[in-house]
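Once you have looked at the hints, place chains C, P and R on chain A.
Protein chains in written order, with our numbering: chain A, 1 to 80; chain C, 81 to 160; chain P, 161 to 298; chain R, 299 to 436.
Heads up, some of the hints might be wrong.
[What the hints assert, rightly or not] Think about it this way: if two alpha-carbon atoms lie no more than 20 Å apart in a straight line, the pair counts; the simulated PhoX-like pairs of lysine-lysine are:
hint, chain 1, residue 1, chain 2, residue 2
1, R, LYS380, A, LYS12
2, R, LYS367, A, LYS12
3, C, LYS92, C, LYS82
4, P, LYS242, C, LYS92
5, P, LYS276, P, LYS242
6, P, LYS229, P, LYS276
7, P, LYS284, C, LYS92
8, A, LYS12, A, LYS2
9, R, LYS380, R, LYS422
10, P, LYS284, P, LYS242
Please keep in mind that the hints were generated in silico from the structure rather than gathered at the bench.
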Amino acid sequence: MKLKIALFGIAKEIVGSSSLDLDTPDEQSVAGLMNQLRSQYPALNELTSFAVAVNSEYAADDYRLHQRDEVALIPPVSGG
Amino acid sequence: MKLKIALFGIAKEIVGSSSLDLDTPDEQSVAGLMNQLRSQYPALNELTSFAVAVNSEYAADDYRLHQRDEVALIPPVSGG
Amino acid sequence: MHIHLTDQPIDVAAVLASVQDDGAGAVNTFIGTVRNQSTGRRVVRLDYEAYDAMAIRQMEHVAAQAQEKWPMLRQVAVTHRKGRLDIGDVAVVVAVSTPHRADSFAACQYIIDTIKQVVPIWKKEEYEDGSVWVAAHP
Amino acid sequence: MHIHLTDQPIDVAAVLASVQDDGAGAVNTFIGTVRNQSTGRRVVRLDYEAYDAMAIRQMEHVAAQAQEKWPMLRQVAVTHRKGRLDIGDVAVVVAVSTPHRADSFAACQYIIDTIKQVVPIWKKEEYEDGSVWVAAHP
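Bound conformation, chain A alone (with noise of 0.2 Å):
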């Protein structure tokens, strides 16, 4: 399937663009995806944390992915 990724932040100048057009396997998981980002953007790796958000919340590594999902990629937050 094709998820688009919303980026913010650092993510976003890693990436160069504010969203990310995905191929990824169908009920691909959270954890799947990261793995996915992490070698297309080795920088990604060098991030204190980062985490997936799937329609405005958090979403836990086993989650499976639908391509109605709104999903973000949320690098260290340093909000207040």
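Quick look at chains C, P and R alone, frame taken from chain A:
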């Protein structure tokens, strides 16, 4: 010596006045003054506590009072 | 430090403005207001009496103690009201600014906790059927 | 609860007014402002980027968690700024009202600490000679 003692809050109500002129020995200690007040106004013994202030500072029990000291009776505070 | 005792309504925004500091990233503020009840009784208003000179002196001491305990404290402001207060009125405002936030919480809490122990201000709660000097009796 | 994300200057007085409650005697407020330095470097301004929908959702979660931990919490308000901020500008305001003061400090500190951990907002510090996304790298 004659001491003028300022009274506040419930102490003012117990004595019935906002200040009190008291005859007390020269160089009376703060502890001695408190005993004198307790026996003259037994309702002071029912308070949670009370303190004596001299010149806007809390005075220690062994402080020796002088006629020119600004003396106040401080019942339990409840500001804030 | 900015220490005030007033019989007029407290301008909270002015107190906050007085602790603004470009070197401070954190401002913590405590505002004490008059509640509509106390120990289960309905409060209709409060009367605050102060020993003015000593109250100001003691508030200055508390602010100075906080400055010693938290040397990174940038600004401290305390304004206490006296006189007659109605429900919802602001009785006291404490505001502190520090570079980092944990210190702002700790210093502000220390200041208000200590003020309540040492500053000669007395609060009389007025109910529909009587009044009580708060904390006077065990 | 009153949760806002805005690209306009925060009206601190309005946030404070929103937690006013006649049953609450205590209001604690944390204000985060832009410092003129960070880890020894001189900051000239900050850029805050937010994932708006998720940021609001997460701030709501944090406020709801605080309400669960402190059931006596009367009102909670959180307003976070985004966009370009200059030195001294207010980046975030958290305000809570409770009947008694210790709870107001604890709940307010919990909320700001948790916001800083979970709310998807990113801060880029601009120096005279470069910029850094805060906390991005170890």
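Tested hints:
Among the hinted pairs, LYS380/R with LYS12/A is consistent with the structure: their alpha-carbon atoms are about 17 Å apart, no more than 20 Å. Distance restraint check for LYS367/R and LYS12/A: the Cα-Cα separation of roughly 36 Å exceeds the 20 Å cut-off, and the hinted pair is therefore not satisfied. Restraint check for LYS92/C and LYS82/C: satisfied, since their Cα atoms lie roughly 19 Å apart, inside the 20 Å limit. Restraint check for LYS242/P and LYS92/C: satisfied, since their Cα atoms lie roughly 17 Å apart, inside the 20 Å limit.
A threshold of 20 Å between alpha carbons decides the hint, and for LYS276/P with LYS242/P the separation of about 14 Å falls inside it, so the pair holds. With a CA separation close to 18 Å, the supplied pair LYS229/P and LYS276/P stays within the 20 Å bound. Between LYS284/P and LYS92/C the alpha-carbon distance is near 13 Å, which keeps this suggested pair within the 20 Å criterion. Our distance criterion of 20 Å between C-alpha atoms is met by LYS12/A and LYS2/A, whose separation comes to about 19 Å.
For a cut-off of 20 Å, the pair hint linking LYS380/R to LYS422/R stands: about 11 Å separates their Cα positions. For the given pair, LYS284/P sits about 11 Å from LYS242/P by alpha-carbon distance, which is consistent with the 20 Å threshold.
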